[in-house]
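**Q** Chain by chain, the residues run as shown.
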Amino acid sequence: MNMTTTTSTRASEKTTALLSVLGMLMLGMVILFAAGHAQSATLHDAAHDVRHATGFPCH
Amino acid sequence: MIQRMLTSALVAGCAAWLLAVVLHFAFVQKYILLGEEYETGAAVHYAGVAPATDAVAEEAHSHDDAAAEAGHSHDGAEAAHDHGDGEEVSTFTRNLWTTVFFGLVYVAYALILVAGFGLARVYGKVVTAREGLLWGIAGFAAFQMVPAMGLAPELPGTLAADLGARQLWWWGTVAATVAALGLLGYGRSLVTAGLAIVLLALPHVIGAPELDGFSGVAPPEVAGAFSARVLGVGLAVWALMGWVAGLVWARDTGTLA
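Going down the list, the protein sequences come from chains A and B.
At position 53 of the first sequence (counting the first as 1) the number is 53 in the numbering used here, and the numbers step up by one without a gap.
At position 78 of the second sequence (counting the first as 1) the number is 1078 in the numbering used here, and the numbers step up by one without a gap.
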């Protein structure tokens, strides 16, 4: 019984950890998309030099 | 673990941000401005030096000095980069936005990098500062160097293929390269190594979207120096970011919580 509980606790810890990893990844990718790839004119103009200087396809 | 990831990513992202801004303004910005001078016509490459007819050729030869000077003149025309709405932006505002966006981009890179640390941690591997340095260099390869082999960093004014197609190729190449480097670094069999090589090659076998011809208006020296400096700065900044992220991350207490 104890072993089952421990195993399932570990499994749920692992799931939580994997979800946190996924969350970090998504957050990073959303920011990267907005700063580097989104084509709103305002965003593009403000981010212009950075986009060229990080090698993103700019325009 | 979320808090640990955020701390590590923010500290490393901010360190990278500082270095990126310093190196950008020291090495790269002047080439962006120079590229824009050629883009807008404020400077003209080879004007009067590459004549279309003999008559023009003769004139060009007899006015060698003047022609050369005209070819590289930086005066007289508007040098500002214009993307349509026509509003002039002051250098201060422009550089302020550049500084802000470097922060966003490098914090975003750091979040992605540290998500990788988190994934390794779930499988029992704690990334240290020294390994973080390697992760940073691998991140540079995946996010900047390998995509640059298909889509070289563009000097302003360079014409290129459809933007959406290039962005799609960029994301696909980054994803394939990240997966490949992960498999190479942590895989334990010939099968994973073979899969990694396939993933590394695939985007380049497919090929980046490109135009049929070349239409750059800036001298190749300017475009070449720009691309090289962008990549050099990227390597330095990613290496620092990986090292700092690993340094902070390695204070891990050993639990997943």
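Just so you know, the hints here were simulated from the structure itself, not pulled from any lab data.
Ideal Cβ placement from N, Cα and C applies to all residues, glycine included.
Any given hint could be a false lead.
The list that follows gives simulated cross-link-like pairs (lysine to any residue, SDA-like), each with its CA atoms no further than 20 Å apart [as the list claims (entries may be wrong)]:
#: 1; chain 1: B; residue 1: K1125; chain 2: A; residue 2: L19
#: 2; chain 1: B; residue 1: K1125; chain 2: B; residue 2: K1030
#: 3; chain 1: B; residue 1: K1125; chain 2: A; residue 2: L25
#: 4; chain 1: B; residue 1: K1125; chain 2: A; residue 2: S12
#: 5; chain 1: B; residue 1: K1125; chain 2: A; residue 2: A46
#: 6; chain 1: A; residue 1: K14; chain 2: B; residue 2: V1122
#: 7; chain 1: B; residue 1: K1125; chain 2: A; residue 2: T15
#: 8; chain 1: A; residue 1: K14; chain 2: B; residue 2: L1119
#: 9; chain 1: B; residue 1: K1030; chain 2: A; residue 2: S12
#: 10; chain 1: B; residue 1: K1030; chain 2: A; residue 2: T15
#: 11; chain 1: B; residue 1: K1030; chain 2: B; residue 2: G1216
#: 12; chain 1: B; residue 1: K1030; chain 2: B; residue 2: V1011
#: 13; chain 1: B; residue 1: K1030; chain 2: B; residue 2: N1095
#: 14; chain 1: B; residue 1: K1030; chain 2: B; residue 2: Y1123
#: 15; chain 1: B; residue 1: K1125; chain 2: A; residue 2: D45
#: 16; chain 1: A; residue 1: K14; chain 2: B; residue 2: L1006
#: 17; chain 1: B; residue 1: K1030; chain 2: A; residue 2: M29
#: 18; chain 1: B; residue 1: K1125; chain 2: A; residue 2: L22
#: 19; chain 1: A; residue 1: K14; chain 2: A; residue 2: M26
#: 20; chain 1: B; residue 1: K1030; chain 2: A; residue 2: L22
#: 21; chain 1: A; residue 1: K14; chain 2: B; residue 2: L1010
#: 22; chain 1: B; residue 1: K1030; chain 2: B; residue 2: L1119
#: 23; chain 1: B; residue 1: K1030; chain 2: A; residue 2: L18
#: 24; chain 1: A; residue 1: K14; chain 2: B; residue 2: I1002
#: 25; chain 1: A; residue 1: K14; chain 2: B; residue 2: I1137
#: 26; chain 1: A; residue 1: K14; chain 2: B; residue 2: G1124
Now the stretches of chain B that chain A is said to cover, found in silico as 3 or more residues with beta-carbon under 8 Å [said to hold, decoys possible]:
#: 27; segment: 1036-1046
#: 28; segment: 1178-1187
#: 29; segment: 1190-1202
**Q** Decide, hint by hint, whether the structure agrees.
**A** Cross-check of the supplied hints:
1. K1125(B) x L19(A): holds, 17 Å
2. K1125(B) x K1030(B): violated, 43 Å
3. K1125(B) x L25(A): holds, 18 Å
4. K1125(B) x S12(A): Status holds; Cα separation ~19 Å.
5. K1125(B) x A46(A): With Cα atoms ~39 Å apart, K1125(B) and A46(A) exceed 20 Å; violated.
6. K14(A) x V1122(B): Status holds; Cα separation ~6 Å.
7. K1125(B) x T15(A): holds, 16 Å
8. K14(A) x L1119(B): It holds: about 10 Å lies between the C-alpha atoms, which stays within 20 Å.
9. K1030(B) x S12(A): Violated. K1030(B) to S12(A) sits at ~53 Å, over the 20 Å cutoff.
10. K1030(B) x T15(A): Distance ~48 Å between K1030(B) and T15(A) Cα, so the pair is violated.
11. K1030(B) x G1216(B): This hinted pair holds, its Cα atoms lying about 18 Å apart.
12. K1030(B) x V1011(B): Distance ~29 Å between K1030(B) and V1011(B) Cα, so the pair is violated.
13. K1030(B) x N1095(B): holds, 12 Å
14. K1030(B) x Y1123(B): violated, 45 Å
15. K1125(B) x D45(A): Roughly 42 Å separates the two Cα atoms, so the pair is violated.
16. K14(A) x L1006(B): Answer holds: K14(A) to L1006(B) is near 18 Å, not above 20 Å.
17. K1030(B) x M29(A): Distance ~29 Å between K1030(B) and M29(A) Cα, so the pair is violated.
18. K1125(B) x L22(A): Measuring from Cα to Cα gives roughly 17 Å; hence the hint holds.
19. K14(A) x M26(A): holds, 18 Å
20. K1030(B) x L22(A): violated, 38 Å
21. K14(A) x L1010(B): violated, 23 Å
22. K1030(B) x L1119(B): violated, 40 Å
23. K1030(B) x L18(A): Since the Cα atoms of K1030(B) and L18(A) sit roughly 43 Å apart, the hinted pair is violated (cutoff 20 Å).
24. K14(A) x I1002(B): holds, 13 Å
25. K14(A) x I1137(B): The hint is violated at about 28 Å.
26. K14(A) x G1124(B): holds, 11 Å
27. 1036-1046: violated (count 0)
28. 1178-1187: violated (count 0)
29. 1190-1202: violated (count 0)
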